[in-house]
Structure formats: C-alpha cells, structure tokens
Amino acid sequence: MLTKLIVYAAYYLKSSETYKNSKLFFYNLLENPSSKSKPYFDMFMTGLIVLSIFFLLYDVEYEASAMGGYIEQAILVVFACEYLLRFWICSDTHIIILEEHEKSQYLNIEFSFYKALKKAIAKKFEYVFSPFAIIDLLAILPSYRPLRILRVFLVFRLFKLFRYSSSVKLFSDILASKRFELLTLMMFTGFLIFIASVSVYVFEYPEPESKIKSLFDAVYWAVVTLATVGYGDIIPHTVGGRLVTILLILTSLGILSFFTSILIAAFNEKMPVLRENRVYSELERYKSFIIICGYGRVGQEVARQLSNDGQKFIVIDKKALNVELAKRDGYLSIQNDASKNEVLLSAGICRGASAILCVTGDDVTNVYVTLTSRNLNKNIRIISRTNRHDNVSKLYQAGADHVIRPFEIAGLLAAEFLGQPVAFEAISGILQNQADIVMETVLVSEGSCLDNQPISKLELSDKKLSLIGVISANPIHFKHKNKYQVKQQHFYFNPEPKFILRNEDILVILGRKYGIDYFRDQIEKHRLLARKVL
Amino acid sequence: MKQVAVFGYNRLSIEVINRLDKQQYQMIVIDHVAEHIQLAEENGFQVANIDFRIDDDLRSVGIGSSIDTLFCFFEEDSENVFLTLSARALDKNLNIIAIVETPESAEKLRVAGANKIIDPYEICGRKIHDILKRPDITNIFDHTVFGRDDLNLAEVVIPEKSYLANTYVSQLQLNTQYNLILIGIVNKQVSEQLNFVVEDGDRRLNVGDILVILGPSREIRAFKKEVENEFSKN
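These protein sequence lines map, in sequence, to chains A and W. Take any residue in the first sequence, note its place counting from 1, add 3, and you have its number in the numbering used here. Numbering follows the numbering used here, with no gaps: position 64 of the second sequence is 61.
Hints listed in this document are in silico derivations from the structure and should not be mistaken for laboratory results. Mixed in with the good hints, there may be bad ones.
As the list claims (entries may be wrong) - In silico DSBU-like cross-links for lysine-lysine, where the CA-CA straight-line distance does not exceed 35 Å:
| id | chain 1 | residue 1 | chain 2 | residue 2 |
| --- | --- | --- | --- | --- |
| 1 | A | K490 | W | K89 |
| 2 | W | K130 | A | K486 |
| 3 | A | K516 | W | K185 |
| 4 | W | K158 | W | K222 |
| 5 | W | K130 | W | K(-1) |
| 6 | W | K89 | A | K486 |
| 7 | A | K484 | W | K158 |
| 8 | A | K397 | W | K222 |
| 9 | A | K460 | W | K221 |
Work out the full structure, taking the sequences as your base and the hints as a guide.
Here you go:
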C-alpha cells in the first residue's frame, strides 16, 4: 500500500511542471556554469563568506555584539539553505524510484521499494561525501551550540570560496595533469625525510644540549630544513648530525627546483588551451561572425576590411607566426588545424558562424576545410580560394559557394587596365567603395511605395541617383530585353521607363552614399506611414 | 597595333595574355628562366630569352622604341622594382604595370615609376569582402562585366570635329537611344578625375573628354562609330 502511494507520488512529481521548473531554476542558480544567474549568485555568496569571516575575526578580539550575532545567524541560514538545495538537486530520487519500478514491471518481478530507496540514498550520499559538500557542511556545523569546539572549522568557510571561483579548479587540473611526476617526487621526498629524521634522531638524541627529544622533533627539523626555511630553533650539535644536515640541504635544493620546474612545465603546457578557451568564450558572446581559415596575405586583407566594418570574426591558422600576427593586429585567433572537425565545431561553425573563408595558400588544405565545413553545416556560406584553375571545380564539388582565384582577378584587372584605364579605375573604385560614389542595392518590399510602380515614377535623376539595372527572379519581367542570367535570378540592365517594379525586385543604384541612404529612408518612412493609415 | 612586353611567364601572365585581344595587341613574352621560355614557346607565344638586368638587352626587345606597355610579372618584388627602374629610364612614356608580392614593395614600385601596381592578394581579399557584404552587386559584375555575359565597360574619347563636341550631357540620352548607361566623364584638360554624371548635373562636352559607359558591346560599337561622325545625325 505504502509502496503504491510512493510510486504514485513519484509519477505525480514527474508530471508536475512546477516541480520541474523550480528544480531547473535552482539548478541554473547553483550549478549550471553557463546560466546567467549563477555569476550573480556566486558573487553574493562570496560576499556573505567574507562578511562571516569578518565577524569571526571580530569575535576573536572583542566581545560578540548582538547585531553581529543576528547577521551571523542569517548568514548561517543562507548557507544551510544552499546546502539543502544542493542536496535536493544533486539527483532525482523520484526518477530513480520510477526507473526501478518500470524495470521490475518489465521483468515481471516484484517491485522492491527498499532496493530502489537504497539506490536513491546511495546517490545522495555520493553527493554528501563529495569534497565540496563536506566543506559546505563543515562551514555550517561549528555554529551549532553543542559543537562549539569545532569553531576552528569556521575557517572552512574560506574554502567555500573555492566553489565560487574557477581559478582554483584550473590550478587543481594543472596539478592533476602532472600526477605521476608529483607522486614520484612526493615518494622520494617522504623517503628522504624519513632517512634524515631517523639518522638525526640517532645522532642527536643522546646529546644533552640537543633539543631533539622525540622522533617528532626530528621529523619537524627535517621538514624545516628540507623546505630551506631553517628556523634555527633546532640545530644539530654532533658531527654526524651536521653531516646529515649538509646532505639534506643539498638534496632538498634539487627537490625544490624539480618541484618548481614541474609546476612551470604544467602551466606552460596548459597555457595554449587556456588562451584558446578564452577566445572561444569571447566568441560565444557574438551572435554572428565569420571564420577565416588562413591568415596569409589574403586572410589579412579580408580581416582588415571586416574589422573596418565592425564585423566580428575569428582567425584559425596552423602557423604560429601567422597567429602571432593576427594577435598583434588585435583579432581573435587560435592556432590550430582548421581541417579538424572539433576545431571548427568549437569555433562555432554550427552555432553563430555565418560564413567560412578558406583562404590558405595551399589548395589541398582549402579543399579539405571546405569539405569538412560543408559536412558540418549544410547552410553556411563557404568562400574558398584556389591558386590553380583545375581546382575550381573540385572546390565547388566540395561544397564551396564561391571560389576565388587571386591570379585570375589580378590578371583580369591588369588586362582591363591596359585596354581602358580610366573606365576601369572608375568602376573598381566604385566597387571597392573607394570613391565617393557607391553602387548599392535597394530592395522593393511588399507594400512599399516602389511596389507596382513604373521606373519613370521614381524620379531617380532628381535625387541624383542613376539606375544601373534591376535584379529579379520574377518571371513577369521576362519580356524585357537586356536580361542577363545571374544564378537563379535575372539582371535587367538599363530597364525602360515603363518597367514596372514588383515585390522582391532589387534596384542597383549608383550615387553618393548619403543619397542612397536618404532614398532608402524615404521608402521606409513611406512604408511605415502607409501601415499606420491601414 | 599596340606592342606589349610581358616579363615573367607564370600563372598571372598566362591569365593576362589570355584576356588580351590578339587582334589588338602584339605580345612578346620575356623571361630569363629557360624552362619558362620553352613553355611559352610551346604555347605559341613570341618569346625572348634576355637578361633584364642589362639595358642593351632591354633595348634589343624594343623597350625605349616600339614597346608601348610593359608588364612586370616576376615573382620577386626586387626584380620587378629593378625592371621598372631600368625601363622607366629608357622610356619616359612607357606604360608600366607591375605586380607586388608584399605590400611594402608597392611604394617602392611607385617611386621606381610604375603606372599601375597590382597586388593580387589585396584584390582577392577585397573581392571576398565584397562577396560577403554585397553579394548581389558582386554577382552581377562577375557575370556581366568581368564574366562571359555581354555587358561591358568602355571608354569613348570625343574626337576632334565630332558632332558631340559642345553638346550637353543631357542631350546625349544614351539610355534611350543606345541602351547604354553613362557613368561618368573625365575632362582631360582639368584632371584625370572621373566626374560622375549623377553628381554634376548638366555640362558641356569638350573635345578630348572621355565618356565612361556601360552596356552591351554591340551598342558600344554603334555609339563609338556614331561619335566619330563629323556631323550631327540630325
């Protein structure tokens, strides 16, 4: 009967939205490292800990004040609540019970409630005995009156601080990565301390002047000497003792330098990973960015232009020299192989990247990166560079949207310059936004004042703009002459005055930048006004 | 026919040579590497194997006399600078177009006397930027003006005694009469600067002005022919 009731209650909890939501809320607050509320909560808790330590120190020297006592109590309540909440969210008891229940039903055996409960409790205990939970508990318990002796454990509250900062975790990770070396060193050190303390004990104990009265004194002396601290409160008086000291000091110098070098090496190994993580976490803040693979001459030029536009991007390059250059230019960059899936994934190819540029100098790398990127993300724009004509089709096959050949473009420019230098300078100036005059597009949106209007009505020449043509995918325009197929659309060059614009058409306009902006503004204003009237 | 000397036979020069009209330009490929020369000869180009460091050799291929345009397409910037310097010393009016590998060499080439400096990587970078930022316009130009479709950019000089001299821009009506778009006019007497038609409003055309027009090549040819007419067609 009781078992049935508990299973029913577990089902009820599982289906309850409020229960799930509140649990999720506290999970986000306390544990979820990527939630927004956690940093604030961590800061608040850190403040409380500092405050409680302050009161503890105050009490040591002065009489405890009533006010301080209340605050202390309040802080304690917060700590206790936090502990209980963490205890609550560490595992889902009702789910464990239900799993057991369903399993037993499936296997057609009798459901043993105690077995399920045991499993659930074991799970909870797993949390209780985790280092952080023990620290939490030790920070609360000493305030309970009968346990006042444990007051010294209040210092554990300081350890609680570790929970709220990630740098300690980092430090312990680094130490853990050198586990083998540290363990070897520790064993050797222990051995040395043992030998040194035993031999100094043997030499010094019989000497009446000597302060070494027990083996503990000898160990204490050995550690103080080994650490090169040497207080001088215990000094050897016999020749044997002094010989031991000399040997111990010489060896300890080696041990200390070995220890330091292990730590430094571990930090150095971890540094690139740390830097990379920083880059990734910065990248996570951007909603849309571009991945540039390869920071050679082409990559540098694109990066410069993009940063002028305020566009966010990340540079990936295999060569340390190029990454160094990108860093010096102030761009986000990682030194890694862009053809690896995990590198592209952690650079956010499926998350916020809008385009990927494969612009290394090596065609093989470009093809490979293109293929990898297309595999990972079907919709991303891929622009690739190649040096050889034969590889253009390979890149398109690999999934590139655009393929660029530096020498083709340069060759074209040189040839055009030879034939008609003036015209070419003009058009390349316009296309590259170097001149005052720019060429831009204006979209005809539904219900705007351009929709269903003939071009003669636009009076573009009065606005000091000239219309080069119209881009449209609309088959209604097919009868017009001068159409050029451009991918799925048509470009209508120099359309007649009676050409009627339709929704989704794009005007290609030449004019001053602010002239075009003004034109766009007016269209937008007109559209908003029209909507208001409706 | 214009005489063009191409120094350095490599990917870039092949691109350029393929784009130039064989009817209009007579080309000679010059290199100091024997294999390059052999390759160029196999591809049917007029070649010369000379040392570009010696002025007499340069003179022997016609620099300072018959050559109008010089392409410096060596892969080393220092070689291009040297060639530009020597060629400029031989001929003040030579049209020198040079390629650069590193951006800091551009200034050196300019000082050495190059008319046009081409940085393939910079152009490529700009192009990628254009594709990202203005895909529509880049697409159109790639397919039309720079691509296979017949839409071209042209410059038309107004010759002496042309009927167009002393007419006004507004009288041209290029877009209705010829299906051409007039982008701008360069007034050679004033400066090399292009004056955009949309900017300037109406102005009178002079002999020697250059009209920059955009349109199908048939229309451009028709317009060019018309311009050379001495009398107004009216």
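Hint check against the structure, violated hint numbers in rising order: 1, 5, 6 and 8
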